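Enquirer: Single-letter residue listing:
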Amino acid sequence: AQTVTQSQPEMSVQEAETVTLSCTYDTSESDYYLFWYKQPPSRQMILVIRQEAYKQQNATENRFSVNFQKAAKSFSLKISDSQLGDAAMYFCAYRSYSGNTPLVFGKGTRLSVIA
Amino acid sequence: DGGITQSPKYLFRKEGQNVTLSCEQNLNHDAMYWYRQDPGQGLRLIYYSQIVNDFQKGDIAEGYSVSREKKESFPLTVTSAQKNPTAFYLCASRTTGLGGNTIYFGEGSWLTVV
Chain A
11 AQTVTQSQPE MSVQEAETVT LSCTYDTSES DYYLFWYKQP PSRQMILVIR
61 QEAYKQQNAT ENRFSVNFQK AAKSFSLKIS DSQLGDAAMY FCAYRSYSGN
111 TPLVFGKGTR LSVIA
Chain B
2 DGGITQSPKY LFRKEGQNVT LSCEQNLNHD AMYWYRQDPG QGLRLIYYSQ
52 IVNDFQKGDI AEGYSVSREK KESFPLTVTS AQKNPTAFYL CASRTTGLGG
102 NTIYFGEGSW LTVV
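Sequence lines, in order, name chains A and B.
Under this note's numbering, read the first sequence as residues 11 to 125, first letter to last.
Under this note's numbering, read the second sequence as residues 2 to 115, first letter to last.
Hint data in this document are derived by calculation from the structure and do not stem from the laboratory.
This structure is a prediction, so every number in the text was calculated from the model and none was measured.
C-beta: ideal position from N, C-alpha, C; glycine also.
It is possible that part of the hints are untrue.
Covered stretches of chain A (chain B as the covering partner; in silico rule of three or more C-beta atoms under 8 Å from a C-beta of chain B) [as the list claims (entries may be wrong)]:
hint: 1; region: 57-70
hint: 2; region: 115-121
Short derived list, chain A residues pointing at chain B, Cβ under 10 Å [said to hold, decoys possible]:
hint: 3; residue: Val14
hint: 4; residue: Gln16
hint: 5; residue: Pro19
hint: 6; residue: Tyr43
hint: 7; residue: Phe45
hint: 8; residue: Gln49
hint: 9; residue: Ser52
hint: 10; residue: Gln54
hint: 11; residue: Phe101
hint: 12; residue: Arg105
hint: 13; residue: Tyr107
hint: 14; residue: Gly109
hint: 15; residue: Thr111
Below, a list of computed lysine to any residue pairs in the SDA-like style, where the Cα atoms sit at most 20 Å apart [claimed, not checked]:
hint: 16; chain 1: B; residue 1: Lys58; chain 2: A; residue 2: Thr13
hint: 17; chain 1: A; residue 1: Lys80; chain 2: B; residue 2: Asn102
hint: 18; chain 1: A; residue 1: Lys83; chain 2: A; residue 2: Ser32
hint: 19; chain 1: A; residue 1: Lys117; chain 2: B; residue 2: Glu108
hint: 20; chain 1: B; residue 1: Lys10; chain 2: A; residue 2: Ser52
Build the full structure now, drawing on both the sequences and the hints.
Expert: Have a look at this one:
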């Protein structure tokens with residue numbers, strides 16, 4: 011079974027600075043998807059960014075980018091120019107490419123943004 | 002508006018009672034999921050369904066039951082056999098067709114045992 015590990019329960023960053031959240035995963039599959047979801051205090055799960063394992067290029071969405079290292083099974087999220095609205099729980103998630111399998115989540119990292 | 006609607010937002014259950022959480026989607030998605038969230042535990046899968054009249058147990062299915070009689074509906078019943086049901090519950094869905102790589106979530110339901 012696949013597992014996802016987020017080793018940083020809490021992180022903090024100064025406003026306008028850059029922060030990187032770590033995620034590692036364990037799988038024997040070669041094709042899969044990786045995701046970062048944001049959960050603000052409202053508890054709504056918001057998709058931040060998605061990466062297909064077969065793509066070598068790292069995904070980017072505005073201020074959010076990932077560092078995908080397939081051999082190392084690492085999938086970190088970099089937030090640039092941090093804003094107060096970035097404060098939230100961030101979850102890393104894995105889904106197999108084949109079949110209709112559910113997402114497997116890490117335990118999350120709570121990000122605080124300091125003004 | 003298209004989306005996933007969970008109700009009620011807040012629910013209180015007495016010891017020994019069964020309660021049902023509603024999840025409705027108008028996105029025409031085939032697959033639907035129920036997750037439970039506890040502090041420090043992330044999201045854990047309870048049940049999921051890929052098509053109507055079919056569903057599979059997730060990692061923590063004991064004490065829960067589901068049905069999938071309609072494509073747009075996937076209600077979750079928390080039975081009295083679930084010993085620690087106080088948690089936040091999230092419903093999600095995904096199309097299994099082209100472009101169905103992303104799972105979308107409802108706004109969640111809080112269940113508290115009193």
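Enquirer: Does each hint hold? Answer for all of them.
Expert: Status of each hint after checking the structure:
1. 57-70: holds (count 3)
2. 115-121: Satisfied; 4 residues make the cut.
3. Val14: Cβ of valine 14 of chain A sits 8 Å from chain B, so the hint holds.
4. Gln16: 8 Å, holds
5. Pro19: This hint holds: proline 19 of chain A lies near chain B, its Cβ roughly 8 Å from the closest one there, short of 10 Å.
6. Tyr43: 6 Å, holds
7. Phe45: 7 Å, holds
8. Gln49: Holds - the Cβ of glutamine 49 of chain A comes within 10 Å of chain B, reaching about 9 Å at its closest.
9. Ser52: Since chain B brings a Cβ to about 8 Å from serine 52 of chain A, closer than 10 Å, the hint holds.
10. Gln54: 6 Å, holds
11. Phe101: 6 Å, holds
12. Arg105: 8 Å, holds
13. Tyr107: 9 Å, holds
14. Gly109: OK, holds: glycine 109 of chain A within 10 Å of chain B, min 9 Å.
15. Thr111: Check passed: Cβ of threonine 111 of chain A comes within 9 Å of chain B, closer than 10 Å.
16. B:Lys58 with A:Thr13: 18 Å, holds
17. A:Lys80 with B:Asn102: This hinted pair holds, its Cα atoms lying about 19 Å apart.
18. A:Lys83 with A:Ser32: Roughly 11 Å separates the two Cα atoms, so the pair holds.
19. A:Lys117 with B:Glu108: 19 Å, holds
20. B:Lys10 with A:Ser52: Holds, because 12 Å separates the two Cα atoms, which is no more than 20 Å.
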